[in-house]
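Peer 1: Protein chains in written order, with the UniProt record's numbering: chain A, 1 to 329; chain B, 1 to 339.
DSS-like, lysine-lysine: derived pairs with alpha carbons at most 30 Å apart:
{"id": "1", "chain 1": "A", "residue 1": "Lys-33", "chain 2": "B", "residue 2": "Lys-232"}
{"id": "2", "chain 1": "B", "residue 1": "Lys-299", "chain 2": "B", "residue 2": "Lys-216"}
{"id": "3", "chain 1": "B", "residue 1": "Lys-8", "chain 2": "A", "residue 2": "Lys-33"}
{"id": "4", "chain 1": "A", "residue 1": "Lys-266", "chain 2": "A", "residue 2": "Lys-284"}
{"id": "5", "chain 1": "A", "residue 1": "Lys-144", "chain 2": "A", "residue 2": "Lys-6"}
{"id": "6", "chain 1": "B", "residue 1": "Lys-8", "chain 2": "B", "residue 2": "Lys-235"}
{"id": "7", "chain 1": "B", "residue 1": "Lys-328", "chain 2": "A", "residue 2": "Lys-33"}
{"id": "8", "chain 1": "B", "residue 1": "Lys-232", "chain 2": "B", "residue 2": "Lys-210"}
{"id": "9", "chain 1": "B", "residue 1": "Lys-216", "chain 2": "B", "residue 2": "Lys-266"}
Far from chain B by the CB rule (all over 10 Å, computed), these chain A residues:
{"id": "10", "residue": "Val-171"}
{"id": "11", "residue": "Tyr-247"}
{"id": "12", "residue": "Asp-273"}
Computed spacing ranges between beta-carbons, pair by pair:
{"id": "13", "chain 1": "A", "residue 1": "Ala-325", "chain 2": "B", "residue 2": "Ala-339", "range": "27 to 33 Å"}
{"id": "14", "chain 1": "B", "residue 1": "Lys-208", "chain 2": "A", "residue 2": "Arg-312", "range": "48 to 54 Å"}
{"id": "15", "chain 1": "A", "residue 1": "Pro-319", "chain 2": "B", "residue 2": "Glu-56", "range": "46 to 52 Å"}
Keep in mind that the hints were calculated from the coordinates and are not lab data.
On a predicted model such as this, the values are computed, not experimentally measured, just so you know.
Note that CB positions come from ideal geometry on N, CA and C, so glycine has one too.
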Amino acid sequence: MAPTQKEQHWMYRNMVTSRRFEETIAKIYFEGKSPAFNMANGPIPGEMHLSDGQEPVAVGVCAHLTPEDVVTATHRPHHQAIAKGVDLDKMAAEIFGKTTGLSGGRGGHMHLFDADVNFACSGIIAQGMGPAVGAALSRKMQGKPGVAVAFVGEGAVNQGGWHEAMNLAAVWNLPFVCVIEDNAWGISVAKSAATAVPTNDVRAAAYGIPGTRVEGNDPFAIYEAAGKAIERARNGEGPSLIEVDTYRLAGHFMGDAEGYRPEGEKDGLSAKDPIPAMRARLLKDGAASEEELATIEAEAEARVEAAIKFARESADPAPEDALTAVFAA
Amino acid sequence: MTKSNERKLTIARAMAEATAQEMRIDPTVFVMGEDIGALGGVYGNTRGLLDEFGAERIRDTPISETAFIGAAVGAAQDGMRPVVELMFVDFFGVCFDAIYNLMAKNIYFSGGNLKVPMVLMTSTGGGYSDGGQHSQCLYGTFAHLPGMKVVAPSNAYDAKGLMTAAMRDDSPVVYMYHKGLQGMGWLGTEAGATVHVPEEPYTLEIGKAKVVREGKDVSIVSVGMGVHNALKAAKALEAQGVSAEVVDLVSLVPLDRETIRASVAKTGRLIVVDEDYMSYGLSGEIIASVTEHNISVLKAAPKRVAFPDVPIPYARVMEQFCLPNPDKIVAAWNDMKAA
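Could you build the full structure based on these sequences and the hints that come with them?
Peer 2: Given below as structure tokens:
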């Protein structure tokens with residue numbers, strides 16, 4: 001199963017959009033936060049978790065999804081949100097805490113919800129699992145189409161909630177796929193010190209479902225593995241587990257000095273950056289011309305610029321808006 | 001003044017120092033939690049411990065709160081004195097069974113034949129737009145459930161004394177530290193929390209409140225960050241010729257109702273400041289502690305300055321609108337006076 005040329009362009013476009021978005025966020029994030037780093041200052045306050053390097057996972061999976069499919073994402077959600085088609089203007093405005101944001105500034109960067117494309121995320125590790133399994137159950141009970149995908153980090157697989165949700169999905173044969181982004185680090189704790197098995201795909205055996213590991217951050221290989229799992233889910237054959245060997249090019253959060261990384265671990269990491277790699281591959285395979293790629297890149301950049309401009313120019317919420325939307329209208 | 005008497009520490013350093021000193025004299029004390037090793041704790045309160053004590057006693061855990069907090073209960077019952085960190089109090093939802101059905105109840109279930117000498121330290125508080133899953137206080141939630149002592153220091157002196165006392169206590173102690181008081185610059189830092197801390201080990205009595213500012217017109221009762229807001233409000237009120245007394249609860253369980261009642265008996269007026277949600281929480285408990293005892297001491301209806309009953313909003317303007325601050329405390333006084 002290989003992506004069509006159109007899908008390849010879509011994947012590259014979304015990877016570049018995600019990267020440009022995060023580069024811009026990273027730059028703006030430090031406005032007002034220097035010389036002394038203070039998380040509360042600047043136009044984008046609070047914690048910020050970037051996904052640079054992990055874009056292939058999001059596009060490889062979401063290339064198979066439509067807006068009616070459900071995605072629950074992690075505390076590092078931007079690449080997943082962009083690939084799922086979350087409104088970029090509203091997403092940027094949410095991150096800036098503006099009234100035009102997805103929730104009017106109530107949720108913020110770790111709590112992006114877009115009901116139009118069935119996207120949600122949580123700042124609590126592994127807690128996207130239950131809601132995704134529930135969405136899959138709901139689809140099955142209502143006879144509605146669509147699959148549910150939960151993205152989690154490899155650290156989340158050590159949470160009780162992860163195992164419980166996997167078992168539910170399996171025992172009820174639900175149209176569900178769990179995608180693990182294995183970036184090898186749970187904040188400062190190496191996977192090898194936190195996880196009893198070298199790779200998490202083997203844990204699928206505990207639930208009697210297929211488990212696959214994609215070695216390498218390769219959008220095409222991820223596309224193939226996700227395609228099989230999603231097709232299986234759509235055919236009523238039950239859940240699957242996919243783990244992708246990915247990496248975060250940056251720290252856990254903006255401001256993370258990464259003192260816990262063994263010396264030299266990041267050496268050569270930028271050479272493994274998946275975006276130039278995909279670009280080279282598209283050219284080599286003749287799937288895109290230099291001109292087409294330049295156009296895609298320019299469009300992505302313009303899209304990000306427009307979203308950031310929209311966010312910057314949007315109004316702050318009224319302070320007392322904090323008291324609304326606690327209950328359903 | 002000797003050099004030792006002059007030194008000032010942040011709460012983070014005071015907590016780490018207390019832990020290190022106790023670990024040197026008691027081999028049963030060990031620390032576990034997420035990112036408490038090489039990183040030294042997200043809030044700095046285990047910094048330096050891995051270097052001195054090694055990975056056997058300073059134990060990074062997987063992201064598995066149910067397992068490691070449950071394991072701390074088992075280890076505590078088996079003769080160890082674990083200190084475990086729940087990185088954000090907001091994460092309690094994934095592991096509360098281990099906390100309130102095991103840690104808090106096993107002494108009782110054993111008829112007092114078991115000890116559960118463990119410390120559960122956890123960060124509280126917002127103010128830096130970290131959103132509704134990383135900014136709560138939840139004092140009321142933890143203090144409501146019996147079987148756990150609950151402490152919340154407002155400054156480094158108390159932080160060290162409480163930490164040592166908590167590690168020596170044979171009952172479980174929940175140690176709730178406020179992010180904005182830790183002395184980590186990136187969270188913004190309340191300067192008043194960084195105070196002189198003696199080098200030698202000492203304990204603070206758990207369950208004993210402190211009158212941190214004497215006054216005669218109104219008692220402002222609070223805990224943690226709220227104490228600093230109360231002190232700032234008291235200063236503003238002083239400029240208006242109002243003499244405010246500030247009570248730092250220090251401990252939520254046991255709650256020192258006597259000190260609160262004595263203060264309100266003296267001033268006749270009560271304002272409670274709580275960064276936790278307003279309803280069903282600390283503020284109601286403090287007011288009930290006074291009114292059910294002797295309502296006649298009150299010259300005016302008590303007031304609460306607390307977080308409204310909404311999830312913590314992300315956008316700064318909305319979060320700041322909801323958080324207690326000195327102006328709101330002064331406004332509460334003005335309302336009280338006008339009534």
